[in-house]
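Q: Residue numbers (the working numbering), protein chains in the order written: chain S, 1 to 441; chain X, 1 to 462.
Sample of chain S residues lacking proximity to chain X, with all beta carbon distances greater than 12 Å (derived):
no., residue
1, 15
2, 99
3, 159
4, 163
5, 200
6, 243
7, 297
8, 307
9, 338
10, 392
11, 393
20 Å max Cα-Cα, derived PhoX-like pairs, lysine-lysine:
no., chain 1, residue 1, chain 2, residue 2
12, S, 114, S, 47
13, X, 72, S, 28
14, X, 90, S, 126
These are calculated hints, taken from the structure and not from any lab test.
Where is the CB? At the ideal position from N, CA and C, for every residue including glycine.
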Amino acid sequence: MIELGEIAIKKALELGADEAEVYLTRGKEFNVTIESNDIKLAKSQTKDGVGIRVFKNKSLGFASVNDLSKSKIIDAVINATRLAGLTPEDKYNQLPMPTPLTKVSGIFDPEAEKIEMDFALANATKMLKTVQEFDERIAIDTGSFEATIYESAVVNSKGIKVSEKQSSFSYIVFGMATDKGEVSCFQYEFDATHQVREVNVEKVALEFAQKVINSLGAKKWESFKGSVILDPDVVSDLLGVIIYSVNANNVQKGMSKFAKCLNQKVGVSDLTIEDNGLLRGGNGSSSFDREGVARKPIKIIDKGILASFLYNSYTANKEKRDSTGHAAGGTRGVPAIGPTNLIVSPGDKTKDELIKEVKKGILVTRLSCFPNPVSGDFSGVVKGGFRIENGAITKPVIETMIAGNVFELCNQISGISKEQKRIFTFILPWLKIEDISITSG
Amino acid sequence: MFDLLEPLLSEFSGLDYGEIRFHERIQNSIAIRKGELETAKATNYSGVAIRVLYQGGWGFSSTNRIEPAELKRTAIDAIKAAKVSSLGKKSKAVKLAEANLAKGKFSPPINDPLTNHSFEEKLELVRKVEAKVRKASPIIQSASVVYNETLDKKFILTTDGARAEIDDAKPEFIIYAVASDGKDYVPAYEAIGTTGGWLDLFSKKSPETMIERVVQRAEKLLKAPYPQGERTTVILDPGIVGLIAHEAIGHTVEADFVLSGAITKDKLNQRVASELVTLFDSGPEPNAGGTLLVDDEGVRTEKTIIIENGILKSYLHNRETAAKMNAKPTGNARAYEYSDEPLIRMRNTGIKPGQANLAAMISEVKHGYLLKSAGGGQADANAEFMFKAQEAYRIENGKIGELLRDVTISGQAFDVLLSVDAVSKDFAWDMGYGHCGKMQPAKVDGGGPYLRCQAIIGGRQK
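Chain S with its partners taken away, still in its complex shape (with noise of 0.2 Å):
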């Protein structure tokens, strides 16, 4: 693939680019797919993506194709060259130099290679096995169990040449139960590991299934101002507010409510979240960004003080900095920026600890919530929650809203567990948090 990014940016640069940057990816897949309690469907592909990013006197041209055959690429690359020769100049377009990488480790298994579709449909036939005897109540919408084996490369006209290798697999479980006509709200339950021995389908479908059967039986509380313990799963839509507030274009641009913050106190001092793309087997680890440049760990919130924001090359040039490593997005965009995992460091307690400190409350396991990014506000319907009276999980609640502002929230944590659940690409513990208000009835 290298080979490839260099007669590219060879191409690039006789069309009269001043700088130009490739990336390439090859990805081939094994899905094995359940759709309404049985096997639907089993597909093979190999999938290919190739972006081009050209300067030609300081302005931006992209262009990409899903396609690897040189005479695409060529024809790619004329195509961003065309572009950069009709947008405005900016100074701070500028591809970054190599940078030293830290191979992470983890993160490509070599056994991955001999799997083939058998191994994907052993393991959604044994989700769907596992879930059907728990219970029989329980239905399964849809789920997927995937195997992928994913290489990525990027070369720029700056001396980066940096390829690196993934393996994957990825599965998802996603329904509800229905008992004498009632129906249950949807749950789901997904994971994902680099490692062919760590996969584990039948933990999955147990948590699925028992998710599924404790949300049955929900019925209406009462409107009123409590606290509520979140899930890890709750936690992670709610970061998303904090994820955007933290990248530096947001930042700069003036839409982000943490621009004057840097170095202020924005959560309580329990509150710690770190980013590491170097992590061992994380599901957001890689060697390099999607710019080619180095990751690293880096606090966003230490201690409470908000610490950092996440760079690409864009916004590093323009605050005369380096990046931090988080130039994020795949073949078909401009590099925008995103975190790789983010992990909210555990408390003192265990979650059970946290549920008997609360007298009136409930637990939420799942929000249905869009968090409004730029205020911090958000207001979302309670799915498999629970009332709390107390100190005891008591009864399912149904039709209940909770809404709030993750500014104000990350001051109002009472409680950090010590247990932490993967979430994909977070690391992510049980929060305690006070004054919420809670609408039901």
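Based on the hints, put chain X in the right spot on chain S.
A: Okay, now just chain X, sitting in the frame of chain S:
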């Protein structure tokens, strides 16, 4: 292209069904934020998908190389996959219902093709609009403007006779503004999207109207208080009616959900809504964002009446679920890109206009809210939906009052639809910039009249 694809049909002898779909997708995009160009791109994502059915098992494979040897290899991979999935399949009796299969050339009405307008013209429009938004008011802290266009070309062939060539164009124009007083930050957006050409897009709303609305909205929202959470009367605008039709009902009548046990399962021909409600999902709708003339199983689409005068009449089907449930395929099998398999998805979902007058509908409300400008939404198996509205105006004693911010609405879809007591005479598609997510994205639209009903407003408690 047919010459290249047709010989592959012979690979499918001995199978129950085979389908070949070429899909070329060209997407061009321009984005400017706070005066800086963030994206100027031209992307091409093209290939051929092959899907086959063998003894109850579906197999799928795709390739980006459109050449005979590679296509043949892809067909063999798909057949191999079908044989594997058949092994795991419990119910091997999968049949496909007879359908109105598409033959010929299909293209939606296009007024002033997007290709008539140069990249330079589009860039200039985005640049001018973005600058205007930022200069419109001192409290507008930042703005961004995006123009996207998706140009699709498809060839679909099936072993039972579909042979369709389809062209499609879907443009979108989105303005986003952030207002701030230095302490508080509030965003607002205005967006349009449709199927068709340049004139079709900007006949929805002109950039000038969009600028005015987005700036006013951001300014007003910055000063707006939060609502108090309660169950109350709400009047929904056409975009939000589209969203409720899509989230609250549409998803629960997708036949794959129904077969899994969604709450609509045994409700066919029963009353599920007020008799004022007639709800439909339509493919061949002119000037809407989810327009689809032929679905990805090669079936001609139609206007499917889901609820007629309050009675549940139909689910949304592909050929497999239609056969299982003894119904007619409705043309709802959609694949997002060539490398995706078709799933049951909505197209343009809406509620039919009624007789009422909006002003009268408002004047009759003692206490409630007028909700405008749809945001995101989600559906659930038990029909408990949620969605966001950018604007919520309090109504007290028949008069529109103050604007409130960040409003989320929820309820049980059928309770909410049964509570409908007024439907206005207006109609508009107003969700055409949106995507629906269900394993894959899909371009959809939603619309309707103004509608009055009961729902829960999420908010703050004292």
